[in-house]
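Chemist: Here are the chains, one letter per residue:
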Amino acid sequence: DTGVSQNPRHKITKRGQNVTFRCDPISEHNRLYWYRQTLGQGPEFLTYFQNEAQLEKSRLLSDRFSAERPKGSFSTLEIQRTEQGDSAMYLCASTRGGANEQYFGPGTRLTVT
Amino acid sequence: AQTVTQSQPEMSVQEAETVTLSCTYDTSENNYYLFWYKQPPSRQMILVIRQEAYKQQNATENRFSVNFQKAAKSFSLKISDSQLGDTAMYFCAFRTSWEGGGADGLTFGKGTHLIIQP
Chain P
1 DTGVSQNPRH KITKRGQNVT FRCDPISEHN RLYWYRQTLG QGPEFLTYFQ NEAQLEKSRL
61 LSDRFSAERP KGSFSTLEIQ RTEQGDSAMY LCASTRGGAN EQYFGPGTRL TVT
Chain S
1 AQTVTQSQPE MSVQEAETVT LSCTYDTSEN NYYLFWYKQP PSRQMILVIR QEAYKQQNAT
61 ENRFSVNFQK AAKSFSLKIS DSQLGDTAMY FCAFRTSWEG GGADGLTFGK GTHLIIQP
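Residue numbers (the working numbering), protein chains in the order written: chain P, 1 to 113; chain S, 1 to 118.
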C-alpha cells in the first residue's frame, strides 16, 4: 500500500451517465496527478494540481472531464455524459513535488456499457 | 513532445536468471528524469528505480540497476537474480526537469510484461 487511496475501485455505468471518482493523496503531498490507463497501454497524463491550483491539463482531458482539489487535500475527477471510449483505469498519484517519486493509488476501473 | 518506447511487449525468464528490459526515449531536453515503475497484477504501481539525466553514474537499487546511455537516449533496466515476485508489468517513464519548466506529468511507455518462471 503506497498510502494513496482511490474510491470507488470499480464503477460500471451506462453510456451518457455522469461519474465521479475520488483520490486521497498522502497527507503531506502538495502535488496530485490524474492518469488514464487503457488495456495494454501505459498510463497517460491527464492533469495535475499543486495544492488547490490545477496547473496543467492534457489535451486528453476533453470538456466532459473536470477535476477539482478543494482545499488542496483530496481530489475528484468527474466525467459527464460518459462514452464507451472512457472505459479505462483512472490512476491518481501524489508527490511532495519536484522530481520526487510519484506514489500511485490502486486506481478506479471504469466500465461504460 | 517526449515519447517513450518499450519494444518488448512480453519477456519470460527462469527464476534466478538475469533479465534486461529495454527503453528508448525521444526528447530535445537536456535535463530530465527517467524512471522504471513496476505494476504487479491487480496491485498499485510502485517505483523501482530513478535516474537523473545530469548524473553519469548509473542508478542501482539492490537487484535492480540501469544502463543509462544519454547520447543514445536509452535507459534499460537489469534485474539480477530474478524472483517470482518480480512478475509484473514494468513501465519506463520520462519527466522533464522542474528547473526547465514544462510538463510535470510522467510520460510512460507501453510497458513490458515480465514473467518469472519457477
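Keep in mind that a hint or two might mislead.
As the list claims (entries may be wrong) - Not everything, but these chain S residues come out facing chain P in the computed CB check (under 10 Å):
# : residue
1 : Met11
2 : Val13
3 : Phe68
As the list claims (entries may be wrong) - Here are some, though not all, of the chain S residues that point toward chain P, as calculated from beta-carbon distances under 7 Å:
#  : residue
4  : Pro41
5  : Gln44
6  : Met45
7  : Leu47
8  : Arg63
9  : Phe64
10 : Gly105
11 : Gly109
These are calculated hints, taken from the structure and not from any lab test.
Beta carbons are placed, not taken as given, at the ideal position from N, Cα and C, and that holds for glycine.
Chemist: Identify every previously stated hint that the structure contradicts and give their numbers, smallest first.
Modeler: 1, 2, 3, 4, 8 and 9
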